[in-house]
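Position chain B against the provided structure of chain A, taking the given hints into account.
What follows is each chain in one-letter form.
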Amino acid sequence: MDTKRRVLFAAPFAAAIAGGAGFYTLLRRMQDQKYDPHALPSPLIGHRPPAFSLPGLDNAQGFSNTDLRSPVKPMLVNWFASWCVPCVEEAPVLGQLAKLGLPIWGIAYEDTPAAVANYLNQYGNPFERLASDSSGLTAINWGVYGVPETYLIDRDGIVRWRWAGALDQNVVLQTLTPLLERYS
Amino acid sequence: MRLYFILLVFLPGIALAQMVTRDGVTLSGPQEQRAEAIGDQLRCLVCQNESIEDSSAGLAKQLRVIIRQQVVAGDNSKDIMNFMVQRYGIFVLLKPPLSKLTLLLYASPFLALLIGFLAAWLARQNRVAAVAPLSAAEAARLDELLKR
Numbered sequence: 001m002d003t004k005r006r007v008l009f010a011a012p013f014a015a016a017i018a019g020g021a022g023f024y025t026l027l028r029r030m031q032d033q034k035y036d037p038h039a040l041p042s043p044l045i046g047h048r049p050p051a052f053s054l055p056g057l058d059n060a061q062g063f064s065n066t067d068l069r070s071p072v073k074p075m076l077v078n079w080f081a082s083w084c085v086p087c088v089e090e091a092p093v094l095g096q097l098a099k100l101g102l103p104i105w106g107i108a109y110e111d112t113p114a115a116v117a118n119y120l121n122q123y124g125n126p127f128e129r130l131a132s133d134s135s136g137l138t139a140i141n142w143g144v145y146g147v148p149e150t151y152l153i154d155r156d157g158i159v160r161w162r163w164a165g166a167l168d169q170n171v172v173l174q175t176l177t178p179l180l181e182r183y184s
Numbered sequence: 185m186r187l188y189f190i191l192l193v194f195l196p197g198i199a200l201a202q203m204v205t206r207d208g209v210t211l212s213g214p215q216e217q218r219a220e221a222i223g224d225q226l227r228c229l230v231c232q233n234e235s236i237e238d239s240s241a242g243l244a245k246q247l248r249v250i251i252r253q254q255v256v257a258g259d260n261s262k263d264i265m266n267f268m269v270q271r272y273g274i275f276v277l278l279k280p281p282l283s284k285l286t287l288l289l290y291a292s293p294f295l296a297l298l299i300g301f302l303a304a305w306l307a308r309q310n311r312v313a314a315v316a317p318l319s320a321a322e323a324a325r326l327d328e329l330l331k332r
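Top to bottom, those sequences are chains A and B. For the first sequence, my numbering gives the first residue as 1, with consecutive numbering after it. For the second sequence, my numbering gives the first residue as 185, with consecutive numbering after it.
No lab work stands behind these hints, which were simulated from the structure alone. Possibly wrong hints are sitting among the right ones.
Chain B is nowhere near these chain A residues, computed Cβ spacing over 12 Å in every case [to be verified]:
1) Y35
2) S53
3) E128
4) I158
5) N170
6) V171
Covered stretches of chain B, going by a simulated chain A footprint (3 or more residues, C-beta under 8 Å) [stated by the list, open to error]:
7) 222-233
8) 241-249
9) 263-277
Yeah, the Cβ is synthetic: ideal placement off N, Cα and C, and Gly gets one too.
One chain only, chain A, in its complex shape (with noise of 0.2 Å):
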């Protein structure tokens, strides 16, 4: 009886303490960003983005979902806008990214020829190729909400990993890094 006692009586705390261990582990790992409780999953994963066809800017070539169908290796599609902060700081990552040799093509996301072309000249352009989605469908076909978003293709065509919001030096090594080796 008496031990029976102890342990209730150690119940609460035990309970509040394996609590407090939980949230703090919890607040930790959104600190190491390995947790994101605003991130969702992107039902485009496993699956071929869906039937698009955008054009480029300035007269220029666009792309369309054919031509996403079988790179040569894995490779990223970039969602952008001229007028997005947080792609700005997405942009160094890019430009280090298409620098190793992984392509990049770039979707410029509600944004005007002009815009685009300034952005570019003043933050690199890391794109093999650029396409236009100005009305922004394309985009909600995607499941995109917000930009920057980068998908992850395989050599097959298929999306394999969604990040949204801006690709930093953390995810790239934690994340695609494995991934990319994973389906190269």
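Here is chain B on its own, set in the frame of chain A:
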């Protein structure tokens, strides 16, 4: 005859007056109500705890337009919801559907109730047996004590 002319002149006007324009799409009153009912059940992905109807985000506005266009085109509400789920996943639904992923969520009240019953039953089991009634001698002694 005069009534007929009056009706002929005013009826289209009355019908037009009942048309509403929301986010650039013109639709009838019942159509707008249906569109609002759909939008109320969809989460705005930019602000995450607002419905598409309540949100002022650009994306929410675009989705409101798409809903209204599909309502005008005569698509049924279920198809419109499916259109959104296909693109944004079940997270877009403010009320998640019953599925493998949400089973625990929906079962939790019943589980809590079950745990409560179990605890109550265990407590009853452990209760000390009721004290035996007083014997005649004990009763007499008690009476004596109480009289004092």
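Each hint, compared with the structure:
no.	hint	verdict
1	Y35	holds, 16 Å
2	S53	holds, 18 Å
3	E128	holds, 26 Å
4	I158	holds, 17 Å
5	N170	holds, 23 Å
6	V171	holds, 20 Å
7	222-233	holds (count 3)
8	241-249	holds (count 4)
9	263-277	holds (count 6)
Violated hints: none; the structure is consistent with every hint.
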